[in-house]
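> Residue numbers (the working numbering), protein chains in the order written: chain A, 755 to 1069; chain B, 158 to 579.
For the record, the hints were derived by calculation from the structure and aren't laboratory data.
Computed from a predicted structure; not experimentally measured.
The beta carbon of each residue, even a glycine, is placed where N, CA and C say it ideally should be.
Honestly, I wouldn't trust all of these hints.
For each label pair, taking beta carbons as the anchor points, the in silico distance ranges come out as [said to hold, decoys possible]:
#, chain 1, residue 1, chain 2, residue 2, range
1, A, T851, B, E170, 26 to 32 Å
2, B, Y436, A, A910, 46 to 52 Å
3, B, P282, A, P896, 42 to 48 Å
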Amino acid sequence: MTVLGYVANGLVFSSIIVLGSIGLSLVYSIADFANFAHGDTMTVGAYAALVTFGAVGGLGGAVLGLPYGFFLALLVGIAAGAVVAVATERLIYEPLTTDSIGLLITSIGVAFVYRAVIQIGFGADFTRFEIGALRPIEWLIPYGIRVTRHDVAIVASAVVLVSGLHVLLQYTDLGRKMRAMADNPTLARVSGIRTRRIRYWTWVIGAGLAAAGGVFLGLFNQLSPRMGFNLLLVIFAAVILGGIGSVYGAMLGGFLIGMINQLTPLLSRLGEVLPLVPDGFGIPIGIEYANAIAFVIMVAVLLARPTGIAGEEAV
Amino acid sequence: MSLLGDPVAWVSELTRPETWVLTGSLAFVGALFGALAVGALGPTYFLFLVGLAGMYALLSFGLNAQWGFTGLINFSVAAFFGVGAYGAALMTADASPIAGGFSPLVGLAVGLLVALVLALLIGIPTLRLRADYLAIASLGLAEVVRLVVLNERWLTNGSAGLRGIPSFFVGWPVLSSFPETMPGLQITVVPGSPVVLETPFWEAALNVVVIAAFTLGTYAVLRRVHRSPWGRVLRTIRSDEDLARALGKHTYAFKMQSFVLGSLIMALAGVFYTHLNLYVGPGDLDPITTFYVWVAVILGGSGSNRGALFGGIVVVTIREGTRFLNDLAIPVDPAPLRLLLIGVLILVVMRYRPQGILPPQRELIWPAARRSTEPATPTETGVRARGTSGSTADADGESDGDTATGVIDDEVEDATGGERNG
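For reference, chain B alone in the conformation it holds in the complex (with noise of 0.2 Å):
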């Protein structure tokens, strides 16, 4: 059932929730493009909102990679974050303090190359943890790398951050002299209020095309390896480590390639960063960056990656949103007001829909799975289905019976299997 081909089907075969996201997410665009076109957003802000958004959409796939696929409690999202931006920022500032002026895909290619030391200093002694003890290593283990980049002036430029970033496409054919080159553009929708398209505005749509370049990619890359037999490996060990242990898989080694992927990609998301902020601080490797991304993991559906996607365009809204207040006449300090918003969406995540808003339900099943089971004849091979019990609730969408961490994906599966009635 594609959106194009049948929009009307596509439609009706949304559950619930997946209606209620689809119809908040028009009604934001709507309300945004409607600020844009009266001039309330302007355009090059309203695209730093965009980056943002996939920014902490990419750091949303990168967790949902540990912790959604595998189980893998990772507090130390915030370090990997800053040394994918710190490794970007070094190569290629002017004011660095090491090496400096690089071109950004040398930037990009030092910052997942430290991540990836990084992951491997992390995750060799602690994925051997329990899980709880893992949350905390981790965390203590980010804690140190931020003390170091903050501390470590020869090296970082300690509190002092760097400065002098250049944007993506500098050196680039085309692309490096595009901003100046566009003309300005003045487009009227509300008169008296137009809006102009200036040289920032093109620079912002370049960062635009670079996060929606590394968003779809990343997105296309996961989605494959989640429905592999490497991705149903990682999630036998979400659901029960001892499991596939018992079936032969060397669970640390799996463990080990799923922290290092989702590293890659929340340090992909840091060089990303880079370059649309211009400037790294030690105060970017602040542990509440590992905790919005938590939330969005949580808020979307643990392992499943439009959930993230989903999560991740909230926590933007949530730390953005925020700094309108004041504007509103509203005389609370933006700052606790967004760390209380966070905690409680936490609380009533966890006490009232713990498996998320978008749990991971049909995006599990190949597509030519799902068509095979959907003539729902009955199929005479007298061959009984893998696990026929408790395999009706998940696979027509609405489960409010999931534990909290555990949505059982392997229920799903017996979908695929096709010997089931429907």
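Okay, chain A solo, but in the shape it has when bound (with noise of 0.2 Å):
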């Protein structure tokens, strides 16, 4: 495969990671603390869209080789996300009366009853959406790049949802009123924003985000019960290299890390793509270290610039 063809790959794993990376940042700088279920809120969404895409079938037509239930289902997906994640915070966030570190601790319970559940329900074992697989797009071939229509989808979507994040953070009063609470949420608080229904939204939006991500991630590997929770660290590395808190960050941090997932395999034939690096030349690590390196670079910046590329000094 060539360069392009990698960073082809690199642009749709990118896709998945930017959209769960957005809601933990999120979560992260206004419920304030670390969580743990974000990667099983994913797995949530993804067995949610599984449900519905098997009841409703196809619908007829079809976009991008995705038939219209799938995105019936993708939006059920997305609902149910978001209606899990507001169910728990009522349920358990709420009455707790602990500081982050507890409430991080207690999401590790609350990522555990998700996963077992979905256990329970579907069993361990890996299961597709039943849409056929496509053969990859004719004219990119020559080009080393194979991707399939799918997977344009799944970048075109995201682009979507994240236009769509864009104009709400940044010209709806919604927005202002998120971004003031994760400023500052006492001030916000003094200053008449109901910052108990800021929290609902912000888990709407951050798990709903998530769950799409799942529903795409299920789309372009398989489902598991394990998915998300696999995928959480990674996750973890996008929102710290971008800097915890900045929505714009994340975005940033999970292209960064999904593209330098995809692009392992380059590195230990650095020689051959690099110019100026003699052929022959390479990192002789293999992609099954792909996620050990996403988790080194966060250590790394946690060490050298812990609020990340774009968070702001001293949080």
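Now that you have both chains on their own, put them together as the hints suggest.
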């Protein structure tokens, strides 16, 4: 596969990571804790979409190789993720009287409950959406790019969702309130912002985007009860690289981590790829360490610049 | 007040949760022995469970030394457990790809040494981080360790794991042949179902001896250091690191010492596991082990060693007990059920008893100091006790007002001063 091919794959995978990392970052800045249940929220969304798609079927026509029914299933998945997250906030997190570390530990329990319930309902095996696999798009193959129309749909949907979030944050009342609350919750509260309601909206948006990411992850790979938890640390890496609390940083971090993850095979043959580097030079790291690279980057960022790329100084 | 000297007074001094735990434990032990007597529970498997419970207790002690004492959120328990197990297995197993065939004592030393190096490698960068970053970073680095163990076949035999591990006492004078030389015993408690004790039983009994020695030794050391001035600094760091620094303590060094101590204890548990299970695979480094141990420590009461012991036993009961559900004709896959129970347990503890069931109380007070406060004769020195405010709640046991993570140990300490009136 050529460099362009890897970049194209990276773009698809990045879209999924970006969807996950935005929600994690939002919750981190507004609810003020590291939510270890975020990965499993993605799984919840994916399985909700799986059930819906199985129930409604294709519904006739198709866009980019994906039947209409899949887009309906995507919306149901997003809604399911949001509802589950808000219910968790109301029933579990709100009554707690602990600090952010206590919330962090609690969120691990939440993650286990989500995953266990899914595993009891669907078994531990891998499943797929019942959509026939597509051949790669013909006219791109000469460039060494093997992406299907499904991959294009993933990137396009992610762009739509992220643009929507941008508009929401920048141009709506809710977005202004959310930014105010992320900045200074106490000040936001005395200014008359209903912080509790904003927290619910944060969960709706964060979990909804995560669920969408989960549905696309299921389309890109497969579905399994562990799919979200396995991706959680990669998403944390993205959020920390971008800077905790910054939505735009999370987008950038997600993009970079997703790219690096898919470009790992190139590391062992850097010489062929880069100009000015002798042929045969390479960093001998196999693709099995793709996630490990992300984690090492994460630790390095935490040490060198804990605020991340886009984060503000000294939170 | 010792248990042997004056049992009635000892029991009457217990707090309510302590009484519950004592009653529950006695009932549980009674049920186990009942099952043993009627043959429902094989004696060899029972001793295996005791070994496993001891191993989890040891892991919980290790985490307690980090989280309970110092407040370090270490999510890489599985990595230290795993390198301890792999270090021992690689040295002792016949099928080891690198060395193999050494004495288990060499394996023990190597396992601990590897864990020490790993603790420094993980600790040096991450211990400077904020608490929640430490959690994420340590989980990430533990995952790196797991990936290395899984993929470096030349070193660890990859996903196939390591077999051919000898028992811990191989090569020792008497103990190495002890299981074979012991005669087979047959005990009949209930007529018709005799309990047979043969070689595997004696092997398991030796394992219990090993873990009992490890656990009791660790418990004694931790109990001593927790009360020492060193332990007091750790507790201060846990409550308020800035305060410790302001008092002139080099908190990074103390955190590192506590991290290394806990990691070595976890590796010790890993070494034991190698000789208990006689097989080690990359699955043993799965992050779920980390969270099992976390549940044990949080449930037992962060900072409390006996709580860690209690939590370890509860976790083994959940882990092993769910295997029998299918025998009882409950058609649920045990793996997700175990996960569900662990998850619900975390939620319930954090919601209703965030300080754990047996939070540290009197165990932090020197026995001598406790005796001197008991007569409660008003002292007339005119010296005010350090921090008299709010120091009554914890000293007499029931303390539901504690915050989630900060069981305020300092208040208990005040009782050691002997200045305060009873």
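> Next step is simple, just say for each hint if it's right about the structure.
Verification of the supplied hints:
1. A:T851 to B:E170: 26 to 32 Å: Roughly 29 Å apart at Cβ, these two residues keep to the hinted range, so it holds.
2. B:Y436 to A:A910: 46 to 52 Å: 49 Å, holds
3. B:P282 to A:P896: 42 to 48 Å: 46 Å, holds
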